[in-house]
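The opening position of the sequence shown corresponds to residue 1 in this note's numbering, with each subsequent residue numbered one higher.
Be aware that a few hints might be false.
Claimed, not checked - Distance ranges between label pairs, derived from CB positions: (1) Gln109 / Val56: 15 to 25 Å; (2) Arg9 / Arg72: 30 to 40 Å; (3) Val56 / Gly30: 35 to 45 Å; (4) Thr59 / Phe31: 43 to 53 Å; (5) Arg72 / Asp131: 35 to 45 Å.
Stated by the list, open to error - Each computed SDA-like pair below joins lysine to any residue, with the alpha-carbon atoms no more than 20 Å apart: (6) Lys48 / Tyr11; (7) Lys48 / Gly140; (8) Lys48 / Met79; (9) Lys48 / Phe70.
These aren't lab readings, by the way, just hints derived from the structure by calculation.
Virtual Cβ for every residue (Gly too), placed ideally from N, Cα, C.
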Amino acid sequence: MGDNENQSRHYPVKENMPWQRIEWRIQHAGFALLLLIVVAGAAGLFSKGWLSNQSVASTDKRLSVDYERFGRRESNMDMTLRLRQLRGDAYQIRLRGPQLDDIQLQTLQPQPDDAWSTGDSLVLRWHRRADQQEATIWIGTQPQDFGRYHLTVTLDDGSSVRFSQFIYP
1 MGDNENQSRH YPVKENMPWQ RIEWRIQHAG FALLLLIVVA GAAGLFSKGW LSNQSVASTD
61 KRLSVDYERF GRRESNMDMT LRLRQLRGDA YQIRLRGPQL DDIQLQTLQP QPDDAWSTGD
121 SLVLRWHRRA DQQEATIWIG TQPQDFGRYH LTVTLDDGSS VRFSQFIYP
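Please put together the full structure from these sequences, using the hints given.
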């Protein structure tokens, strides 16, 4: 094999080395792109993972929400509400958003004592124990459509947080 491996040849197979090198570059770029997609998916860019997990708090720190920024249509998503400095005989949470009809509640713990909806809002109310200053509420949702979901969570018509979630098809 005295032939130079980087030259085009016609025997035993016709090869055009400049085009062969272009094809190799495309293969390497495709491999790198696929590897990047797999790593991004494992990190949570398309659903659960550290890129997706987000936390937002109200300015007075009475309400904080842990949620997933990215999700998939008809896939379960978790949300945790942490309430502090509770006052009065009861406390209530209002979930509001134009896409609230496209979100199905799968789980809600603890169960509210009262619940009702008005317009684009869902209101959940719990009675407060005399010594209770904090509460944690776990909500499991399932988006029924894809796109960007804008939600507002309000505690006792005071502390409020806004966030958005992107739902993939």
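Evaluated hints:
no.: 1; hint: Gln109 / Val56: 15 to 25 Å; in the structure: holds, 21 Å
no.: 2; hint: Arg9 / Arg72: 30 to 40 Å; in the structure: violated, 50 Å
no.: 3; hint: Val56 / Gly30: 35 to 45 Å; in the structure: holds, 38 Å
no.: 4; hint: Thr59 / Phe31: 43 to 53 Å; in the structure: holds, 47 Å
no.: 5; hint: Arg72 / Asp131: 35 to 45 Å; in the structure: holds, 41 Å
no.: 6; hint: Lys48 / Tyr11; in the structure: violated, 53 Å
no.: 7; hint: Lys48 / Gly140; in the structure: holds, 13 Å
no.: 8; hint: Lys48 / Met79; in the structure: holds, 12 Å
no.: 9; hint: Lys48 / Phe70; in the structure: holds, 7 Å
Against the hints set out earlier in the document, violations occur for numbers 2 and 6.
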